[in-house]
Structures are given as C-alpha cells and as structure tokens.
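> If you want the building blocks of each chain, they are given just below.
Number of protein chains: 2
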Amino acid sequence: MPSREQHDRMANAIRFLSMDAIEKANSGHPGLPMGCADIATVLFTRYLKFDAKKPHWADRDRFILSAGHGSMLLYSLLYLTGYEDITLDEIKNFRQLGSRTAGHPEYGHAAGIETTTGPLGQGIANSVGFALGERIMNAAFGNDLVDHYTYVLAGDGCLMEGISQEAISLAGHLKLNKLIVFWDDNNISIDGPVTLSDNTDQAARFAASGWNTLKIDGHDPEAIAAAIEAARKSDRPTLIAAKTTIGFGAPTKAGTNKVHGSPLGADEIAATRKALGWSYEPFEVPAEVLDAWRAAGARGAQTRAAWEERLGKVDAGQRAEFERRMAGALPAGLDKAIADYKKKLAEDKPKVATRKSSEMALEVINGVLPETIGGSADLTGSNNTKTSQTRAITPDNYGERYIHYGIRELGMAAAMNGLALHGGVIPYGGTFMCFSDYARPAMRLASLMGIRSIFVMTHDSIGLGEDGPTHQPVEHLAALRAVPNHNVFRPADATESAECWQIALETEKTPSTLALTRQNLPAVRTTYVEENLSARGAYELAAAEGGEAAVTIFATGSEVEIALKARDLLQGHGHPARVVSAPCLDIFWQQDEAYRAATIGTAKVKVAVEAGIRQGWDAVIGTDGLFVGMTGFGASGTIEQLYAHFGITAEAVAKAAEGRLHG
Amino acid sequence: MPSREQHDRMANAIRFLSMDAIEKANSGHPGLPMGCADIATVLFTRYLKFDAKKPHWADRDRFILSAGHGSMLLYSLLYLTGYEDITLDEIKNFRQLGSRTAGHPEYGHAAGIETTTGPLGQGIANSVGFALGERIMNAAFGNDLVDHYTYVLAGDGCLMEGISQEAISLAGHLKLNKLIVFWDDNNISIDGPVTLSDNTDQAARFAASGWNTLKIDGHDPEAIAAAIEAARKSDRPTLIAAKTTIGFGAPTKAGTNKVHGSPLGADEIAATRKALGWSYEPFEVPAEVLDAWRAAGARGAQTRAAWEERLGKVDAGQRAEFERRMAGALPAGLDKAIADYKKKLAEDKPKVATRKSSEMALEVINGVLPETIGGSADLTGSNNTKTSQTRAITPDNYGERYIHYGIRELGMAAAMNGLALHGGVIPYGGTFMCFSDYARPAMRLASLMGIRSIFVMTHDSIGLGEDGPTHQPVEHLAALRAVPNHNVFRPADATESAECWQIALETEKTPSTLALTRQNLPAVRTTYVEENLSARGAYELAAAEGGEAAVTIFATGSEVEIALKARDLLQGHGHPARVVSAPCLDIFWQQDEAYRAATIGTAKVKVAVEAGIRQGWDAVIGTDGLFVGMTGFGASGTIEQLYAHFGITAEAVAKAAEGRLHG
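Chains as they are written, first to last, in our numbering: chain Y, 1 to 663; chain L, 1 to 663.
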C-alpha cells in the first residue's frame, strides 16, 4: 500500500500526463483526469485485478470510463501501469490521427480500453452487460474461472442522460452486486454548475432502484479504499458518490467549468506544477513514481498465473468450451443444424411471419449454441425472442438465458454491447423496429466497435397495422442501412430468416439488425439449396421466362411476395420479368462489381418495392427506376387497408412497370 | 359532484365504450382505460378546466395521455364530454383507416388530443414543455390570461423509459408545480408483472428529483380528488402514484397481462357487463350517464366565457400580441430584419463557423421575435444558441428565454415539442449533431405531428476534429433526411444560415434541423439578393464559364467551399464547371420538375461532395455520379488531417471529375 505521499505523487503523475498531453494536442478535457486521479490511483494500485502484460486475461476486473471525455485518465493509467499498447509516444500523440490515444477511448485501439465511450451514459449502461456477463459465465463455469468486478467511473453527464436510469434500474433489479460505480460528483457541467439544470439527489435515486450507496471525499485515499471494500461486500450494486474538485490542483481554474473541456494553458499548468510540487518537464514521470506504477501494473501477475493454473486443471472439455466461448468462436454443429433445418423448411414451406420464423431459427440455434442470451424490451411475445431453451435470468439464478430487459430499448442495446464485449456470450434482443430510434445511440456504438450484438426488430413496416404511424417504421430501414458497419437484414421467408441468422452469428465484427414482419408470409424459397443465398446480400430469386427480362423487380422481406405476384402478372401479359430478393443491401454492396452488375441486370425497367422510403434504392434502380413504397408516415388501419391505401400491391408494381414498358 | 354510484356508472361508460370499440376493431389495449377510468372520471368531471365546445381555448388545462396505447380512454372521454370531433361513429371506427380514432392518439386528428403519444415516455416528457410553456406565457401575459394545469397519465412503461428520468429531473429542477402526473401503478407490463424487470420505488425516485409525491388507491374517487387538490397546492410538480387494477372489472383477466394489449373477447366482456351491472348493448351509453358526462363537458363554459371577457379587457396591443403568439403567426418585422441583415452580410463577408452565423442570425431573430425560447443540452458555448436577448429561465423567473436543458438531448427535444404544442412560443434547442441519435424519437414525433420545433445540431461532420468518431456525424444527414416531413438544413455560410433560419421559422407544419459546423467557413454568397435562395432547397451558386458546364458539383455546408475551389481548378484546366449549393435537399425535392431538372443540369459529370455518406445523393447525381465523402466512421485528429485523410478536398473533387471527363 502506497504511503499518502507516494499516493499523491502517483496521482499527480496522472494529472500532469493528462495536462501535458491535452496541452500538446491543444484539445481535450483535463478536468476529469485531474479530479479523478485519486480515485483511479487507489483503484488501480490496490483493488483492480489486472495484469498489464496480459491485458486480455479473461478473469480480469473490467474498468469502464463512462465519462469518456476524460480519456487521458485512462491513457495515463495504461501507460503508467505498463500496458504495451500505450507508450509515452502515444501519450504525446494524444488525439492525433492514427494514434491509439483518440479523443475518446476507442475499443480496439489498445488493450485496456474495454469499450468505446464518449456519448454520455453509454459506459454505465454497457457496464450492466459486463457485470451480467460475468454472472452468466460464473454460473456456467464456476468461481474458479469467473469471478471479477466491473468498476465504472461516471460523471454528472452520464447520470443526467436518461439511459442511466435504464441501466441503474436494470442493474438494481438484477442485483448485480459486483458492479461498482464511482460518480465523479464535481457539480460542474459544460454550461456551469450542474445546479443550472439539475438538483437530483443521485444517491437517493440509486437507492430507489435498489443500490447500495456510499458518499465519500473523492480526494481521500483511505475513504476511497474503504468505500471499495464496503462495495465489494454488498449484496447489491454500489454507487460511490465521490465528491471531487474538477481540475484538482489548478490554482485558478479548479472547481469551474473552465477546466472541463479545454487545455489549461501554459500559465495555469506552470502554476499547477508549482502548487502540486511537481518540478518535472512535460511528460516526465520521475523514476520512482513510474516504478511504483509499474509495480501496480504487475500486481496481478501472480493472481493471473494462479487462475491459469486453475484453468489448466479444469476438465479438458469444459476448458475448451470456456476458451471457445471467450474467443467468440461458434461451435462446429451450427452449420449442419442450419442445413438440416433448411431442408425441413423446403419440405414444410411454412407460411409464418418472419418474427415467427426468426423464433424457429433461434430454436435451432439456441439448441446448438449455449452462449446465445436472448431478451426483449418487454415485447417477448411480439418479438418472438424466447425459445424452449431460454428461461428468465433472475437475481437468484444467473444460469438461464433470457433477459427481461423491461421497457428500456436503449438500456437493452447498451447492455447487449456490454455482454458482447465481456465475451463468452452472444446477445440478441428485441423490440419494435420503430423503437430502434430509442436504441440507436447504442446500435451505432456496436457498429463503431465492431461487435456482435444482434438486434431483433419486429413489426417492421405498415404491415403491423392498427397501432398506426407512431409504431410503423417508414424511414428506419434507410436510417439503419445508413449506419456504417451495420448489417440490416430483412428476410422474406423462413429460409431467408434462417440464413440471415446464420450470417449474423458468423459475422463477428459487425452487428446485425433483423427487420421482421408481424404478418404471415408465404415461403418464397421452396427448394433446398445448400448455399446461404442471403450471404450475397441480394440474389435472383425468380428468373425471367420466355426471353430476356424486360423488368427486374427488387424487393425485401414482406414485399418479396408482392414482387413475385407482380412478376406473375407481367409474365402473364407477355413481359419476361425477374425478381431479386435483397435480404441485406449492406452485404450486397460489398460483393464484387461483376456480381452486383449481374444481379441488378440490364432489364429496361427496374422496380424496387419495399414498404419504406425510396432513399438508398436509387443506387440499385437508378434515378429513372420505379419505386413502389412509402413517401410519408403510415396510418392506423388493417394491414389490407394500408397496403391498398399506400399502393403497395402486386397490381401497382405490374402497372407501373407496364406503363414504363409502353412509355 | 357526482354520487359514488353516479361516478361508478360514468367510469363504467368509459370502460364499456373502450371494451366495445376494441372488440369491434379486434385490436387495442383495454387494460388501461378500464384501470384508469376512475382517475379520468374524477379529473374530467371535477377538476380539468376545459370546454368541450371550445376545445382550443388557450387557457384550458392540458391532459396528456402519455400511455398512448390506452387511447380508448381519451376517445371515450372526448366523446362522452361532447367534443364534436369524436362522435359515436368515430368510436365505432376505432383503429380503422381514415378515422380520427387511430390506434394511438394522433395530434391533429381531433381537438382534445394535445400531443401524439404511443412511443412510451414521450408524453410525460412533452408535458415538461407544456407546463413550462404555461409558466413562460404566464410571465409574459399574467394570471388573467394564462393560468392552467398540465395533467399527465403515465404508465409503468413511461416510467421505465430513460426519457422519463430526463423529464422528471428537469421538471423538478424547474419547480413546475402546475404539472401533475398520475402514475397508473398496476404492476403489469406486456411480459407479465413489472417486477419481472423492475423493482424501483418510483415515488422515491421522483422525490429524489424534487417532486411532491402522493400514493392513493386509484379506484377511490375521493382519494383521487383529495390527491388532485393536494397536488394543486404544492410548490413542486406532483406525482400521484395511483394503485390500480389493470382491466378493472373483467372477472378473469383483470390484474393480468392478458388484458393489456388484446381485446377481451366476447365471453369476458359479457362477464364484465354482468360483474359491473352494465345491462346495455355495445356502444350504448344510458341517457342519464351521457347527460352527466355532457354536463361535465360543459362545466368549463362559464370559466371560458369569463376568461374571454378578461381577454377582451386587456390592452389592445397586448391582446393582439397574445393572439398572434398563440396563433403561431410571425411578427411583421422579421422579413425586413432578415433583409437588412443579409445586406450587411454581403458587405461584411464574415468568415465564421455556421454555428456562429446561426447565432448571429438568432441575434437578429430574437430581437424581433419575443416568442423564441432557446436552449441547449449543456453545450451552450458550443452550440451558440444563446444571444444577447436570452437569459436563463429559473424556478424563480420564468420570464426569460433560455433553457439550460442539461445533458438530456431526448428530454430536450420532447420538451421542445411540448412547448411548440402548448403554443405562444417557438422552441429551438441545441446539441452536437451526433447526439441527434439520442433526440431522434422526439424529432420524429415533431415531424409526425407537424410542429415547429427547431433543432440546432452543431459539429456536423468530421470537421469537429479531435473528439473523434463517437462525436462525428457520418450517417446523420442521411438518417435525418430520411425522416418524413423534416427539413434538414446545412447552410454554407452566414447568408445561407440566415436564410435557413428564416425558412425554419416560417415553416409552421414541419420541424427543422440545422446542421452547423464547428469550423470557420468563408462567405460564399457575396452579393445581396433579396430572394431567399435557400428556399428552393438547392440553387446554382456559381455558373460555368466559357461554355456549357462539363461538370456540376453539388455540395452542402462546409463542402461548398471545397466545391468552389474544385470549380476553380476545373475552370483553370479549361473545363467549364458550375456549383450547386443544396442547403436543404428535402425542400429541393418538393420543387417542380422543371426547376429540379434545370438545377441538376445536364453536365457530363456530376459530382456531389459532402462530409457524410453517399446514401440519398444517387437521386441527384445518378448511379454513375461521383461522390466525394465518407464511407465509414471518422477518426480522431485535426480537421486538416481528417479532410486530407478521407480525401474530401478540392483537389480530389477536381481529379475525380477530370478522370471521368477524360474517361
């Protein structure tokens, strides 16, 4: 345990590295690293279980910097404790293009960055997934292999964001007692004192959702230590409200919003050096301080070695399974199970909603993959996310596979990201597609991080009927396709549903959204094909007959049925027509040019039909292509009324195409 | 005051109308109307200030059904109290296409529907705007003209959504004591008991944010009345936690999730008729019950007449101003002020960020319009939303014009919607454009309702630099343009900023988003033109010289500067080139075909340059058009590094165009 003086010097090393890096970058947020250096020093030198030289150790504690703008706190810690990814040069290159030390912590840039943070509240909501993932894996593999804490550092902004309430109430409900959140209670936001816009008693709020709450002086090392020890003994998640001074040490700017998001300036930094007795050059860390930090970084090596020894003694099958799951590899049985299932579908030709065929596919998948963890934001029966293998995870039983996320779409998506990042599990969760808008900030982060979160979005168009325009996605397919590195699947029948699920599972570095219907759809894939046709993104489902295609009809999901009927009408009128099903345009655009050109084809008339807006389809059909879909919001009515009212019918498609053929 | 028996019969009229309408539609949510009929009956017969025959009376109390799926509660009340828009036929046409009685309450379908609800939590967050709007107008026009309550009925789902926390904490901070929220505490969500996913002590949570809280039996009329009276005396907003039985009266389904979202079925309805002693045919309301309800609907007529008398006695100028503001009409001075300002800009040619020129335009606007109410989600200095005329609204002074919304983007957007719906004010509010993702559910509702909320989204591209990809919009322009009835403006300089602001203010039925830069931009409009060129959505900013245009470059915002430089390069190489600035593609697509065709033009090469994704641009440039922009997420670095790294430069544009010209 460091002496108080040693503690202060170690904490000041964080402060000055942060100040210096931000000053050099002329950009960044010094206030948090300076204010939270004491908390971080106590946590990293005395409690956090990690081994800087083996940073991916599965049973490490996780540290989540939810207040991501304080990134220099994390980078300083990683450098000081000896993570190899973060060298002093990286610190000096803070916020420069190509550095590992981006403006906000970016998952994948360096070991020790457990998740990407910056959009406020995301980290604390991720942490619910981390902490739950730990319990799930603990239930599967026991204390010997899985027994770690999730520590979070959150700011006022994280707690003001609504997502925090979803996270807090879910964590409290699930009694995630290994989740320990520090609140950097400095009463400063960008506009000024937090009291400009908030007077919430945060501890009371957390307590209302079943949290253990503690209040401490965030600059008192022993108080910090005592709070961590108390938190670790709690049977509930713990909030440690740590009263801090933002920009601690800066003589004129500490405690004000001036230190929040701008470099301190040379004069203030010089004055801070003087005030804190830090007589070193910029970026210089005195040897004895660095040594102490490096010792802290090596502190966990023995624990890690002991853990590896335990792992080595585990039954070989169990060990292989643990390692497979933590590596995110799929079990060998999946392909055959999907193939068998597709064969059965080709025989059965079920006419079911794709939300139902998604459930049917999940029934197969969940039978083979013990690592899938399902859930829904209180729409289980509508999203069809629960299968025979999954029962509710409760505070008394983390050994199950279904999460009742509650009416918390954003909290769900963020917790799913945390589960995926923790490792060992593959999360999927459902809501109505219209409410992907609520979940969007976390869905975007899944894409940015490149993780395997799978979002099940049912009721994907006006086809949901009477609930009306507040519940009817219109722009959502376009808006989700717009997100980089995000696969939006819209299967047309049970076979495509199975194929899309298979791709979603196999795509480790890209999250997926499955857009699924409420209404029943006929089988459009009626013969078994071994190849996963959906993996091309789009493919010819029905060829033209009687000559070169005069018309190509592109469609997705529920409109493939309409496209096929329109093709029949056109063929009946002597116009050879083909149908391209496009279950995933994102993947289609990644195909080689020859395949894309062949699939789009050269028919005189190109029509796309989708019960959404046109945006994005011009790239397929051209500006002179025909589009049959929506131009505005939907309406409340029966599905039959709505498709007729909005003119999304086979007759309309055929008529439009014929008009163009004759025009 | 009705006797208990009379109360019960009046409440049962709501229950049976709701059951019958849902049964006839074979779709809907009977649980809430049955469970909350007692609350609604007490509120509407004894407290709510309204006049069913003059439903738009400015000083009426507002009733917000936040739990919008319980729409039949509201429709029953509107029919029973005698609102002319909701006839018995409308009740019978519940959820049918073209009816006023949509699946969820749709603003504009009928008087008495104060806001569109359905996405959970939106109504309670709107209500903060309603209640604040009341206080702002009260401060401007006094108790004689403005003195009313905002009542909300919220369900468990509303309170589980994170947005509720943003609403609660903001309302508590602002001490909106005329805001009274009933919580329909029935412990049932769609998946089952709320305790499947939540154990929050809601009263304690509200209390933590400074609310007055009361707990009552939601089926006891006198307890309901006493709570309302106590709430009206409070100096804080009030939560009335009303313990209810969902589906009250249904013998076998009440108190379970079976009654939440499905028709009861003929047998259960028959049994409910028996249990509640209701011997009438479907949709039949006995005369004496209807009479009592109609009397309740006429209860406010005298109060309304007295208010009109007071209004008549007000100073004519003040009265005209009140009526102008409530009508949402702009003052006469705006056009001239903008024209004068544009003349000055043509002289000054300021090189400023568009977030700054937005502020400059607002400085002009706020000087002419007393009704603009600004704000920011804790990014005031970054969003440039505060002008010399606006100071912070505080619980002690509602007579100001600036709202520190706190770090609550979604709560801000929803409160803005409430302000706009209340009337008398025009709300604008800012955050970083990337965090439009948080605000999106409320922005969509603004579009669906067709109201004048103005969203100021700064830091609109990689041009924000070092904060990196979590803060850099890439897909957001496309994703927001995808929303129907939503104008996305991206001005290129100070003149376009002023023009876009003018359009946003003049567009009463469409909300606007202004996408604004962090970085400085030169003036591209250097001579005064009276016409608002941006009102065409896109227009030729620079013509080709020396012949027909070989190249047309389309650009928006910060990339117009790049387009102009690329044009210079091309002209210098002997290629006549023109530039089209497109400050609002949404509006451009509404222009007549001739204008669109002329603006797009017939140049051999069409290039679009925008620091976002291509999606949506194919419609302008064609599938063979060139696009210079982003294909994935941004990165952390300086603005110069980033534009060069991602190849968004004048040289790249010119080179691509020349490659095509020579190709």
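Hints in this document: simulated from the structure, not taken from any laboratory.
Do not take every clue at face value.
In this list, chains with the same sequence are indistinguishable; a pair is considered to hold if it fits within one copy or across any two.
Derived DSSO-like pairs: lysine-lysine, alpha-carbon spacing no greater than 30 Å straight-line [as the list claims (entries may be wrong)]:
1) K233 - K258
2) K655 - K175
3) K349 - K243
4) K175 - K243
5) K349 - K313
6) K274 - K604
7) K604 - K509
8) K233 - K356
9) K24 - K351
10) K243 - K336
Just so it is clear, the structure is predicted and the values come from calculations on it, not from any experiment.
> Does each hint fit the structure? Answer for all of them.
Hint check:
Proximity of K233 and K258 under a CA criterion of 30 Å is satisfied in neither setting, with 38 Å inside one chain copy and 41 Å between copies. For the identical chains of this complex, K655 and K175 are neighbours neither inside a copy (59 Å) nor across copies (60 Å), given an alpha-carbon limit of 30 Å. In this assembly of identical chains, K349 and K243 lie within 30 Å of each other by CA distance neither inside one copy nor across copies; the values are 63 Å within and 48 Å between. In this assembly of identical chains, the alpha carbons of K175 and K243 lie at most 30 Å apart whether taken from the same copy (25 Å) or from different copies (25 Å).
Taking the shortest Cα distances, K349 and K313 never come within 30 Å of each other, neither inside one copy (49 Å) nor across copies (75 Å). For a Cα distance limit of 30 Å, the shortest separation of K274 from K604 qualifies neither inside one copy, at 77 Å, nor across copies, at 66 Å. Neither within a single protomer nor between protomers do K604 and K509 lie at most 30 Å apart by alpha-carbon distance, with minima of 38 Å and 40 Å respectively. Taking CA atoms no more than 30 Å apart as the test, K233 paired with K356 passes in neither setting, with 44 Å inside one copy and 52 Å between copies.
For the identical chains of this complex, K24 and K351 are inter-copy neighbours only, at 27 Å across copies versus 63 Å inside a copy, given an alpha-carbon limit of 30 Å. For the identical chains of this complex, K243 and K336 are neighbours neither inside a copy (57 Å) nor across copies (53 Å), given an alpha-carbon limit of 30 Å.
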